[in-house]
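S.K.: Single-letter residue listing:
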Amino acid sequence: MSKSVKSTKVKGGDKRLEQIGDDIWKNRTTKINNELFTMTYGSIVGQICREENYNYNKVNEILFNMGYNIGNRLIEEFLSISLIERCNNFKETAEVISKIGFRMFLNISPIISNWSIDEQTFQLTFEENPLAEFVELPDEYDEEEENNSSSNIKGNARGELWYSNILCGVLKGCLEMVQLECEVWFVSDVLRGDDNTSIKVKLISILRDEIPVGDD
Amino acid sequence: MQIYSLYLISRSGSLLYQRDIDSVGSPITEQNSNDYLVIASNLHGMHAIASKFKPNLSTKEENNFNKSGINMNSNKTGLRCIKTDTFNIFLHQTVTGLKIILITSSDTIESEISSLQNEIYRLYSDYVMKSPFYNLEMPIRIKWFDEVIINTTKKYNIRVNINTNNTNKISTSAK
Amino acid sequence: MPSPTSPLPSPGTLRRNQNATSLIYDKNIYRNNKNVSLSSLQFLIMEIVSQYMKNTNNILKIERKLNNLGYSIGLKYLNLISTKNNFINNITSNGKSNTSHRITKLIDFLHFISNDIWLSLFNKSSNGLEKSSDNEFQFMIIDNNPIISSFLSPTQEYNSLSIESFTAGIIEGILDTAYFQCEVSAHRVPIVNYPNKTIYLINLKQ
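Chains A, B and C, in that order, are what the protein sequence lines are.
Sequence positions in the first sequence follow our numbering and run 1 to 216.
Sequence positions in the second sequence follow our numbering and run 1001 to 1175.
Sequence positions in the third sequence follow our numbering and run 2001 to 2206.
For reference, chain A alone in the conformation it holds in the complex (with noise of 0.2 Å):
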């Protein structure tokens, strides 16, 4: 687990990509109030709950999926706009991610820390996080709740929910798509009482077969 956490610095190229993340974000993005982004996504939380009966390892798994699949195909609005070519290392990637892809759609760059010695691990720490403002997760039953026959609340969301899960899929969503193949995981989440909101983005391999002809 994080013990410090500090950014990581990429031979000076650091504040470049910041810039390039603020050009498109001040000049080419169409912006809406994060409330109503926020409320869509935590009713769409809440529907999936429901659903599943809060089996929240169901839950996690679903939005998960989801933002798999928006991921294929948000990578192609990041590209399409960023102009951005094949990154030549996985350092790179990680400052990409941070400095220009979340702040393009979500208007944060997330920490990137805890490098793994073979340089295949980091984490992203979220200062905020614009799924999860105002957001509360039940951790016990409530009373009322328990006394109300017609309540069928089971997991516990505060151990058991990633609320957020869906960036991860997003991420392993867009990165498949630029033939790298990652594990993407939550280490930690406010929500869950922990000190801060973490992401594991771990390479597994590039598929390099998979890489189109003409791009090397």
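Some chain B residues close to chain C (C-beta under 10 Å, calculated; not the full set):
#1 1129
#2 1131
#3 1133
#4 1142
#5 1145
Please keep in mind that the hints were generated in silico from the structure rather than gathered at the bench.
Built from N, CA and C at the ideal position, the CB exists for glycine as well.
Using the hints provided, position chains B and C relative to the given structure of chain A.
M.R.: Leaving out everything else, chains B and C in the frame of chain A:
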């Protein structure tokens, strides 16, 4: 400059989309749908073969900090362009492997072509990728996409035609 | 200036007041004017619709679910926006107590939706509010270019499916919280230059 037709080919080589934009003066006569498939798969194959003939360049290590914002054609060693007396073919490939192929008149301005290709990519990501009715890798049958594609490419046809007409005039008056 | 009062915590939340999540009660909801990209919302809607389509291809069922999704937003949204408005009014009236009034007239309230609510949700006003000529319990809000579905071209198979049922659900939820019971449905009426022109038909329960 005229854009005659547009092909979108998926990473795996299947034809996603074909549209004849402007047939006036086009040397390419109307084909039946099967011919479009043949053209698409041939272009896909030729592109792949061409990449095998690449000269052994020492590739410069250049990272994204320097190269963003310019033309993002990830088609580096494949077939990029076929030029003939009567028409040109331009192949653009995105990082995800989507090929955007334009068949144009022979008097094309390459910077215009690449900006059109980028615009088409934007439209694809908006109108195709955001449609829940579209399944990836399937042929694109989306009414609004047709409309915006036609409008956007026609805009290029007209705009550039005015420019070329002007330059023609200047050159004739200079004579 | 009086500090904004936080929303009343439920008994359950008081118990776990020491938890990290309870920090949300200290956040200022009035100054929260952040934005996200419209695309993010569009992708979210795209995906939830394709999830629905996996389970059913019954257009009415899909619209029903979209409507429900919006409805639960509408229920909360009126509270949010009126709390915010109260706060703004409080500042302008030198900290005097609640100066904004509840809108009780139907027509005024519909205007409030088609202007204020539209503005806060979609960053623009709607393109009109009309009363049906043959039914006095029927009203229409018109939007020439609804932003959520602006790229969602109709297809042959799902031609009559209106993604804007989602927005219709929001309106329904807002009207219901204000005790104007109704049903709201969305209908696309394409015209030249506005292929996605949508009418939100409000049927009040008599």
